[in-house]
Amino acid sequence: MKFDTAAIQKIAEVLQTEAKARGNTFRLVLDHAESGRRLALEIFPEMKMGKDHGTLISVYTSSSQLQLHYCTGYVISASLGEVIFVAENHGRVSGLIIEKEAGCSLFANVDASVLSGDFTTLAPEVMLSGIALSVTEGILPKARKHTRKKKASAKKPAARKRAR
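Sequential numbering of the sequence shown, starting at 82, is according to our numbering.
Calculated from the structure, these hints are not laboratory results.
Yeah, the Cβ is synthetic: ideal placement off N, Cα and C, and Gly gets one too.
Some hints could be false.
To be verified - Mimicking DSBU-like on lysine-lysine, the simulated pairs with C-alpha atoms at most 35 Å apart in a straight line are:
1) Lys-91 to Lys-129
2) Lys-83 to Lys-132
3) Lys-181 to Lys-91
4) Lys-83 to Lys-129
Stated by the list, open to error - Computed spacing ranges between beta-carbons, pair by pair:
5) Ala-102 to Phe-200: 37 to 45 Å
6) Lys-129 to Met-82: 17 to 25 Å
7) Glu-94 to Ala-204: 34 to 42 Å
8) Glu-206 to Glu-127: 31 to 39 Å
9) Gln-90 to Asp-199: 37 to 45 Å
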């Protein structure tokens with residue numbers, strides 16, 4: 082997925098803010114007066130990180146700094162007023178969720194298999210990340226359809242007959 086000017090504009094619209102270009106960086110500042118939250122979102126569409134190049138997403142708040150390296154895509158939810166930035170590496174998914182109310186959440190190194198299937202089989206803490214990132218499954222590189230293993234049946238396997 083490309084982070085070109087049109088994509089950045091769509092992201093800014095959903096987050097109800099303005100994107101300012103500074104060289105190869107786009108900066109969006111979100112303020113939510115009711116909650117007192119404020120954050121700055123910076124998108125670096127092409128940045129050298131170690132030996133490779135990729136997209137870097139940075140979030141700055143008054144109490145934290147979060148980064149998502151090698152962002153491979155994003156999902157916009159206009160109805161929720163949020164953007165989910167996602168990175169996938171060898172079946173592990175990380176997602177950085179930015180809300181128009183200047184909220185943010187990070188789910189890192191989540192097993193891609195928890196993005197689909199029966200969420201009720203998961204512990205509540207794991208279920209939360211699976212549900213939050215499940216909308217990104219379709220944009221993951223080489224979108225994989227993971228399913229969790231079903232619980233073993235209480236029935237005993239049939240005994241095999243010995244060949245004589």
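Checked hints:
Restraint check for Lys-91 and Lys-129: satisfied, since their Cα atoms lie roughly 25 Å apart, inside the 35 Å limit. Only pairs whose Cα atoms come within 35 Å are accepted, and Lys-83 paired with Lys-132 is accepted, the gap being roughly 20 Å. A C-alpha spacing of about 13 Å is found between Lys-181 and Lys-91, which places the hinted pair at or below 35 Å, so the restraint holds. Between Lys-83 and Lys-129 the alpha-carbon distance is near 16 Å, which keeps this suggested pair within the 35 Å criterion.
At about 39 Å, the CB distance of Ala-102 to Phe-200 agrees with the hint of 37 to 45 Å. Look at Lys-129 against Met-82: about 19 Å separates their beta carbons, and that is inside 17 to 25 Å. Checked against the hint of 34 to 42 Å, the C-beta distance between Glu-94 and Ala-204 comes to roughly 36 Å, which is consistent with it. At roughly 35 Å, the beta carbons of Glu-206 and Glu-127 sit within the given window of 31 to 39 Å.
For the hinted restraint 37 to 45 Å between Gln-90 and Asp-199, the CB-CB distance of approximately 38 Å keeps it satisfied.
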